[in-house]
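Could you slot chain Z onto chain R? The hints should help.
These are the residues of each chain, in order.
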Amino acid sequence: MTTTEPAKLRDKDYASDQDVRWCPGCGDYGILKAVQVAFADLQLPREKVAFVSGIGCSSRFPYYMDTYGFHGIHGRAPALATGVKLANPELTVWVATGDGDGLSIGGNHFIHMLRRNIGLKVLLFNNRIYGLTKGQYSPTSEVGKVTKSTPMGSLDSPFNPLALALGSGTTFVARGIDIIRPKLQEIIKEAQAHEGTAFIEIFQNCNIFNDGAFEHVTDKKIRDDLLVEVRHGEPLVYGKEHDKGLIWTGSRLEGVHIGQHSDVLGREVTGEDIVVWDAEDPNPTMAFALTQLREGIDPTPVGVIRNVKDHLPYERLVHDQIHMAQQKRKPRTLEELLHSGRTWKV
Amino acid sequence: MTSVETPGTGTSREVEVLDEAVIRFAGDSGDGMQLTGTQFTNTAALLGNDLATFPDYPAEIRAPAGTLPGVSAFQIRFSNFDIHTPGDKPDVLVAMNPASLKVHLDELKRGGVLIVNTGMFRAKEIKMAGFEVNPLEDEKLSLSQHYRLISVDLNQLTNETLKESPLDARGKMRCKNMAALGILFWLYNRPLEPTIEEIQAKFGKKPEIAEANISVLKAGYHYGETAELLQHTYRVDKAELPSGIYRNINGNDATAYGMVAASKLAGVPLFLGSYPITPASDILHFLSGMKSEGVVTFQAEDEIAGICSAIGAAWAGNLAVTTSSGPGIALKGEAIGLAVMTELPLVIVNVQRGGPSTGLPTKTEQADLFQAIYGRNGECPLPVLAAATPSDCFNMVIEAFRIATKHMIPVMLLTDGYLANGSEPWRLPEVADLPRIDVRFAGPADLEDGHFLPYKRGADSLARPWAKPGTPGLEHRIGGLEKADITGNVSYDPDNHFHMVRLRQEKVDRIADDIVEPELFGEQSGGLVVVGWGSTYGAICGGVNQARRRGLKVSRLHLRHLNPLPKSLGDTLRRFDKVLVPEMNLGQLATVLRSRFQDIRFEQLNKVNGRPFSNTEIREKIEEVLA
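Order-wise, the sequence lines are chains R and Z.
Quick note, in my numbering, the first sequence goes up one by one and the last residue is 338.
Quick note, in my numbering, the second sequence goes up one by one and the last residue is 1342.
Since the hints were made in silico from the structure, they are not lab data.
None of these values were measured; they are calculated from a predicted model.
From the three backbone atoms N, C-alpha and C, an ideal C-beta is built for every residue, glycine too.
Covered stretches of chain Z (in silico footprint by chain R; criterion: 3 or more residues with CB under 8 Å from a CB of chain R, positions within the stretch not fixed): (1) 752 to 763; (2) 1024 to 1036; (3) 1142 to 1153.
For reference, chain Z alone in the conformation it holds in the complex:
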């Protein structure tokens, strides 16, 4: 892990080669930490590292400067091997002000590198952060003993660099994050060119801003070099990833890409009806930029109009989707019932966040599983899917559309804030390997004795025909009142209602015949299997791998289809003595599994603090269960 070599560049500095590193940028929400982290990420991706990121920002756009609630952070883990999570404790912490030091210091590894911007460690900011004395001088904290402390006045470094710049004082200060980024690039021996290119592209129309950012970036890099801040620097070589073309992707972008892909696979135009909500809005933004692909995006007046417009578009023959987060999904509940009743293909994406009510808008949680499966009036079943990683959002949204159109049913896809904003390298799929989405619209051939029967069903899927308004001869009426099977006429007949309730359930149940069974990793039977769903995938992989390296016999299985559950699941779980279900809720999947498999005992690991599991937490629980 720590082979030391001297590079042949003529300098005396030593370069330590690492397998992986975890960096956390932390600062005020106005300090540009998300941008800084993203730039470091893009460069790591280009260098061929495997990586995972965790942006962690406050709900307020600009909480009062210098306060603890205003701290925004971005963590990246990059490596020369296959990784699944953005890491637990950082090796390097960049603290742009006292508040960010206060919030994040506890998690920095002992002996880790701590870079502080002394320019912000002024009496006022120190007090605002709740320190009684300057933490840099506090003997009790003795930062320089516990960490490799690099104290740099980034304010001054920035101002000095930009002496000649036409920017005003405020504009200059906005560049100081680039100084921090420059130092990190020096520390990890990374090239500046990709970042310079991106700055030039971004500020093409404002060359003075581009120039200032580039100057400060270089100044940070050179400062590290000349001041010889540390005795040696680091290198993380590229990972041995499967060959292919890669791009870096976060979950929301992958979701949006998947929607456009589904539209192209089906040959049916895409319609998004949505209302802005954190953390789902980026899907709306992305698709709004896809007009050249024929995508219609409708920013509705509210969540209900978002889904209702999508239902209208689905009826009119579009591939329709609505996107939101928990509180918005609650508002859409009645309309989801309408889509179930009218048996229209629709995809509903819930980018889960901390709840209930407004909850923690920018923090992650997976506590909307019950809402997804049960949260409507009446017997109102629908398929529920969940993505496991940022790039998996692409696959799962295509899967959602495939099921929705094949089975004529609304499908709920669950992602969450952690997947939405976290990013990873994504090996681009071969188009030929993507699933087919075969859409067939009803036509004159569907008439029987001159009549169209809108609720006549396919033998296997029980799907009714998709008849687009505008088609001569297929005029029909649908709606939320109970429908007679086959004719689709309004029916209050008791037997028909009972029949239709069971039929709608059976439509969902039969989807189990049409899904890929989940893969079981590790021993195929034995002491313990860890069952997860959604964004806990990375931490469960990491935790299980750690445990296995310590010799523990533990397998894992990840669910992407939560309703209906895969058919093999019960038999698989019964082959193990114990089943552990880690979730970022109080045990919702565990409850669903218990009610389905009453003979199996489920252990729980639950965490609901707005933050994802660490690998260590999973591994420790595995050790406890197996002890």
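Excised from the complex, chain R in its bound form:
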């Protein structure tokens, strides 16, 4: 396996020899490809990568990557991955989870992983449905969702995963779409570069049980007016002619036409009025406002929404404490350890 001259890794070098068993046409294929291409772009050594997952369609991901992989139990991928990262901070640890796995049965681990800011990269495949159990509504399904378990429509409000992540103090928050691969690859590479928890929600189409759930942002006929690409340092401009943008009203973000009159401003909108995105703002208020745009009415944000850099990751802090303790007292031999404290001789 060792060659004198390490060959450049191609995207297919990250593919394992296992047959991929997702349904034909599933959005997961695009995500798998995006990860493999992004990893090849970064030339990540395969042995340094560990993919950890829970249960669900998305959680089969590790089997298809020729890296280290751990297919865990339902909802617990963040906890398994936390142990891996704490035991060996040198590893690049990615978590693959879904809306049911990560936000329902694993909701507790999910928020605690985010608040700890441990250096895990998280792909949340959000298809707003339970696929592997054949089509029940999920914690991200819209109210009124008719499924096998909700024949008269679901009653409970969904999670907004980005808002949940922001509320949990996540230092890197992004959203991608399965079929917009170049953008997803870009986000994956930014996530890989981030220290601390990097959370990526991916709109993923389940063509069997929830086909077209994200049509408003994937249908080329309408998506230009309903999708805003978020880039650090650039204005929140959208529309086919780049003639629309988001302004700050003082309490929320609002979509406007550049060059047209705005009631909020009381005048014609200019390019200067459009919010220039600051993903590195430690204050999450604007990021939260971005997650509150109305889906299908306002533009849906895609891209890196938050990327705060000055928080040390949890695993570093843990090992720094150990290092500090060892500066004060060198590790003892077993003999010294047993004989430490109050002893007496008989």
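For chain Z alone, kept in the frame of chain R given last:
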């Protein structure tokens, strides 16, 4: 037992030399009884007594003051000979308030010493304890006739002593336990210096508190001396223990020490993933203080994350452990199955407590044996071990890691609240005598034709290789789906599943070839053998010894390996007419043994009231069975 001598100190008091004594400190949960008992214990240890302790405290941190549920107690038995239990009935009871008198008086030996803090025997407290009249004045109770009653107003003694202290009234009252401790040190002719040193070390940064505690401790001692509370005092000489270096240890600390020791023996870093739960939390606390030894402790968001983080750490190449108690183990069940399926080395410690559900968090029980052996979905066998004494927790956790790493399997270690909090002198082992833990991580040499086979097995142990992520060339995938043997690929093949189910069972069964057979004490065959497991060890030793001193032919055998059972067990038991199995449950080991040895008849002795067996209970049952 009661030789009387007059010490040559010029005083006229007589000192009675005893072989052993049992003292119980009882008070409100805010009265510091656990601390008082611990201090008495530390001094007894330093004086070379053998000892055993039994802390008994309520689940509430501070139940309403003065109430019966708020009573906290600490019993210590110390002796000049080898003992195994903290004793049955106390010789001395310290009752800091009416409630503690109410709860514990029944167990005080007739003629025993009863020390009461009259300062708390006020109308309100007397009523709260459920006494209709002041028990100290109640003629029906007539305490002074049945016991050697010492009535002292410890509140007043403390306040008087601390007249000049800068502490506030509340702070002063917190020192009154030291007055009680001082009186006990006087009564048993024990030095104050070790306690004074510990107080100084503990309150080094708060000298006014240290000074107040020391003053009250001395005041209690001098009060005993000057008031000549009893005609004579007592002495318990040091025990003839095997020579060596000793320390006093409780089960939780011994468990934690054993984990650090295992890590050093294996040369592999230790990782603990845990969630706080009574009575296991002290292991988490202890290891959190072991950062200088490179130990990583992770206080997880819940029990499931505790074990899952440990499984992740095990996969990544750490010596991983999770600690909990019954309800937490129930939550970990699915993840234990994952560790069985992925064949990773992991130690799971269950410090058992009273169940089911939340049950009796601070009381002891051994009713999780079925849970340990059977409590998972699917055919999910794993080795189950149990420690017998507080210091044995050290040995057994090392044994658990040895088996886990050698056989690539999760191992359950059972201790319980009685072992966890009870303490005894521990003769420190020679490092050279400790078992070896040889860990081998897979490397390039494990490749076959450039392929790594994660489920290829060793011939004897059937262990698969331990391949750490980060190792070039060994990239592989594991998980909870059924795996094809050898390749480790996901497999739904019916024959493979049947093969793997039997293989996982055989992995556990073969561990029987790799364990020390239990020792049989007493006659090697005959009328009766008592078979125990876990913390009943002490009481069974005590009870069997009592019975043997009365001329009964009874042997005993203690199991530390409960799954798989030792290979010699069936043949050993068949050499006896009767087998008695005492347990702090309704007969779980007895059921396991019956299903394994259908030709043997098992008698049971069961007790599930949150308290350990007494020696007497065991002895009486032996007498009944042999009658």
